[in-house]
Amino acid sequence: MGKAAAQFEAWWTDAQGVEQRRSFTTPRLASGSRHTWRTADDLPDGTVVSWRVRAVEGAAVSPWSDAGQGAPCEFVLDEVSPEKPVITSTDAPGEQYTGSVGVYAKFTADSPSDDVVAYRYTFLGGTTLTEHPAEPGGPVTLRRLPLRSGPDRLEVTAVDPSGRTSAVATYDFMVDEGRPAVAHWSLADPAGSTTAAALAGTAAQAGPGVTFGAEAPRGTSLTNVAGFDGTSGSHLSPGAPAVGTGGTYTVSAWARPSRTDADMTVASQDAGSAPGFALGLRTQEAGAVWSFAVGGATVSGGAPRTGEWAHLLGIYDAETGRARLYVNGREAGTETEAAPVSSAGAFQIGRARNSDGYRDHWHGRIGDVRVHDRVVVPAEAAELAHRAATSLGRWSMETSTDGVSPERNGGQPLTLGSGATIHRGPDGSCIPDIDPDCPDVPYALVGDGHLQLDGANGHATTGTTVVETEDSFSVSAFARLADSAPEHPMTVLSQAGVHTDVFKVRYDPAAHAWQLVMALRDEPNAPEQVVHQSAMPHGGTGPADHLAVVYDDDADLITLYVGGQKAMTATLPEGLRSTGALQIGRAKAGDGWGEYFRGDVDEVRAFVGALTPSEVQKLALPVD
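Numbering (the numbering used here), first residue to last: 13 to 636.
Please note: incorrect hints may appear among the correct ones.
Label-pair restraints from in silico Cβ distances [claimed, not checked]: (1) 176 x 333: 27 to 37 angstroms; (2) 315 x 540: 21 to 31 angstroms; (3) 214 x 402: 55 to 65 angstroms; (4) 537 x 446: 53 to 63 angstroms; (5) 143 x 40: 29 to 39 angstroms; (6) 153 x 68: 10 to 20 angstroms; (7) 234 x 165: 37 to 47 angstroms; (8) 76 x 45: 16 to 26 angstroms; (9) 351 x 633: 29 to 39 angstroms; (10) 496 x 202: 37 to 47 angstroms; (11) 234 x 415: 53 to 63 angstroms; (12) 482 x 274: 20 to 30 angstroms; (13) 274 x 351: 19 to 29 angstroms; (14) 317 x 368: 27 to 37 angstroms.
For the record, the hints were derived by calculation from the structure and aren't laboratory data. Predicted model only: the values in this text are computed from it and were never measured. Where a beta carbon is used, it is the ideal one built from N, C-alpha and C, also for glycine.
With the hints as constraints, model all of the structure from the sequences given.
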């Protein structure tokens, strides 16, 4: 293999207009080697320098790299960094609470250097982004949509064509809480009312198809809502617009359809012979969907269900030109580009405008209608849609009388079967280490007592159904195995349908795991879905494990928690209907019972609604 050298040549025109050339030939290296040239120190700053290279091997010389269809390479030596940019803003003058969560703030970044081609910037907690000026040295406008209140910071660096960067410019400012709705009707007016009072904006007149005093969604702050009969009189209106639809806005409401086989509108605003926007329910071949229409664009998602509440929230963001839809606090469908229709028409609840008058009258219930003149950010959307879990029962199992252990708040008690007893901890009358006649009594799992089950036929039951498993629910308990290696699966909690358990929480020694088991159909020998946590449980006299099952019907998810931590989650689009009683310590087995639990159970709790992860963590703390 021969050796070759590389011959470099560079040239430029100096300040006097005279061409300058420099050349360099590298040492000979094996063919295929990389050759480099450290250029001369007299290269001028800020001047275009051209260069080319060719190979030399003995007497043979290749063409220059710019020969034929080629061209010289060029660079500019830049040894001067751009000056630090100046940041200004009229939307967020520094160090003052100004603006609002959900309202865009605009900042101008401008460097005194005339060769800046880009600005790299980041806001507090965000990623680094780049914005290019319209021409070198020009300013850029940077936008921030604040998602939370409190202090914020913008950092900007100017970049010149050679990639040199300036010092970092910073701009500290504050963000206030999201400003309240510009129009708000809770629709919690007394039965017999003909007008819906406005918490913000103008009171809404009710049509003859609207009645007040209907039951509100559980777990919300609403006391009651309005019912709509679906006729032409099924509407409310303040007779004036709620928001300017040419800019950014958000409209939201709780909605409960009495049917899903027809198009229906929850809220809209007139824009001539059509709605400027419409939030509601639309039918499709595949089934009904929730929808938010802005002009001629529609974003759809989620599946309305007859008789079930949903929180709907539609956003039109004028800065991005896109519409978004949230259902039960979660974004649904795919955000879409939309061209807004400027509307000065009246806001409508329960209907939408068309060329002949109004259409798509709502049949069902509506509550807590709000309109904001800003973006309602994701955390706020989740908060508006939140339904707090409500306690159905708490069984602390401190005492029993005639085989019955009371519910803590006087509700449905537990009936203890044979093989089930209430263990009471030491009463404090003596100390075993000091008094030899004092019995050594183990402490209870929680409080002064717990349920002790023999694994043969010991169990406790409420006698009737506790949680409605078709809707969101949560159940929890502390459990401790009598030993850590039982011979067969043992169930802590279960609730059955007609033929099988709708759900059960058990320990499976073959998997060495706590498991959540759900039947896929209510029939004998139904197939099951298993969600499990592979963790060795405590046994004997060790601490108890806290187990919790949370079914979120809105999200179609069911989750098993162990020790307050999310163990596993499974998709559950439709919860089966349960008709059986809550069982502690056993599971349904054909026409009888099985999987009896041997060990201790305490502090069983049941809720309507889905507990949040932080609420489950609090329950897992063994505090009375």
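Hints, one by one, checked against the model:
1. Between residue 176 and residue 333 the CB atoms are about 35 angstroms apart, so this pair conforms to the stated range of 27 to 37 angstroms.
2. As the Cβ distance of residue 315 to residue 540 is approximately 25 angstroms, the hint placing it in 21 to 31 angstroms holds.
3. Between residue 214 and residue 402 the CB atoms are about 34 angstroms apart, so this pair departs from the stated range of 55 to 65 angstroms.
4. A hinted range of 53 to 63 angstroms holds for the C-beta pair residue 537 and residue 446, which are about 58 angstroms apart.
5. Our hint of 29 to 39 angstroms for residue 143 and residue 40 is violated, since their Cβ atoms are close to 49 angstroms apart.
6. For the hinted restraint 10 to 20 angstroms between residue 153 and residue 68, the CB-CB distance of approximately 54 angstroms leaves it violated.
7. Checked against the hint of 37 to 47 angstroms, the pair residue 234 and residue 165 passes, with Cβ atoms roughly 39 angstroms apart.
8. Between residue 76 and residue 45 the CB atoms are about 20 angstroms apart, so this pair conforms to the stated range of 16 to 26 angstroms.
9. Distance hint check for residue 351 and residue 633: the Cβ-Cβ separation is about 53 angstroms, which falls outside the suggested range of 29 to 39 angstroms.
10. One distance hint, 37 to 47 angstroms for the beta-carbon pair residue 496 and residue 202, is violated here, with the actual separation near 59 angstroms.
11. For residue 234 and residue 415, the hinted distance range of 53 to 63 angstroms is not satisfied, since their beta carbons lie about 41 angstroms from each other.
12. Remark: the range hint 20 to 30 angstroms for residue 482 to residue 274 is upheld by a beta-carbon distance near 24 angstroms.
13. Under the hint 19 to 29 angstroms, the C-beta atoms of residue 274 and residue 351, about 27 angstroms apart, fit the expected range.
14. At about 30 angstroms, the beta-carbon gap between residue 317 and residue 368 stays in the expected band of 27 to 37 angstroms.
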